[in-house]
Amino acid sequence: MTQPILETRGLVAGYGKKQAIHGIDLSLTKGETLLVLGHNGAGKTTLMRAIFGLNAPMAGTVHYATRDITGRNPAINVAEGIAFVPQGHGIFPSLTVRDNLELGAFVEPSSERARKHLEDVYDMFPILKDRAGQVAGTFSGGQKQMLAIGMALMHGPSVLILDEPSIGLAPNLVGRVMESIAEIKARFDASIVIVEQNIKYSLPIADRVMVLKTGGVVYAGDPEPLHDHAKLIEFF
Numbered sequence: 001m002t003q004p005i006l007e008t009r010g011l012v013a014g015y016g017k018k019q020a021i022h023g024i025d026l027s028l029t030k031g032e033t034l035l036v037l038g039h040n041g042a043g044k045t046t047l048m049r050a051i052f053g054l055n056a057p058m059a060g061t062v063h064y065a066t067r068d069i070t071g072r073n074p075a076i077n078v079a080e081g082i083a084f085v086p087q088g089h090g091i092f093p094s095l096t097v098r099d100n101l102e103l104g105a106f107v108e109p110s111s112e113r114a115r116k117h118l119e120d121v122y123d124m125f126p127i128l129k130d131r132a133g134q135v136a137g138t139f140s141g142g143q144k145q146m147l148a149i150g151m152a153l154m155h156g157p158s159v160l161i162l163d164e165p166s167i168g169l170a171p172n173l174v175g176r177v178m179e180s181i182a183e184i185k186a187r188f189d190a191s192i193v194i195v196e197q198n199i200k201y202s203l204p205i206a207d208r209v210m211v212l213k214t215g216g217v218v219y220a221g222d223p224e225p226l227h228d229h230a231k232l233i234e235f236f
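Residue 95 in our numbering sits at position 95 of the sequence shown, and the numbers go up by one each step.
Hints in this document: simulated from the structure, not taken from any laboratory.
Where hints are given, some of them may not hold.
[Stated by the list, open to error] Straight-line C-alpha distance at most 25 Å; calculated BS3-like pairs for lysine-lysine:
1. Lys185 x Lys200
2. Lys213 x Lys231
3. Lys116 x Lys129
4. Lys129 x Lys185
5. Lys17 x Lys213
[Said to hold, decoys possible] Pairwise CB distance ranges, derived in the manner of DEER restraints:
6. Thr61 x Asn172: 36 to 46 Å
7. Gly10 x Gly168: 11 to 21 Å
8. Leu103 x Gly221: 36 to 46 Å
9. Thr96 x Gly10: 41 to 51 Å
The C-beta atom is built at its ideal place from N, Cα and C for all residues, glycine as well.
Make the full structure from the sequences, and use the hints.
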């Protein structure tokens, strides 16, 4: 059996004394795209924040490349190859596009590897190259999402976590963002976790799916059964 690059075991997390997720087991293998589905309040964002170190778990463990990283400082996680793109983009609106991307490569800002990553980001999102000198806060929602993903890619992460990348985007932009996620695996050799509610656009790019409901896992496995509308109703 292939060793997961990212794994949670019995993870419990929440806010204050209130639990939002209850004993979650998650595994992500190298080169895989894992889609985490669920309604608002299902615990998706809490799970991602606990993995990344933004929420201290109440119980359970998080492992990355076989090492226990439970509750570890997010800055260390970034330096060691885990990138997290939160809801709401997470860019620096008062800085230019180029400045934002360079900040994304803070681990190795002047290296040849970072320059190669910048070229790859520009290839994937040409508008970022065309508007490199533009102040990022003037971008549309879709453009900001592309920039946020580009920033996360600038240090060449092994694991990329995307929390609802389609939220607030027009349908045509959702399709473009999802296409870019599929392209990331080929260009950056990254394993990807996508948290989404938009089943139509995210399901086709998933290798495996986990469905959360009221803080627990109600389905984990192949995406194919979820193309059946009756199954979706059952899980949601």
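Which hint numbers doesn't this structure obey? 7
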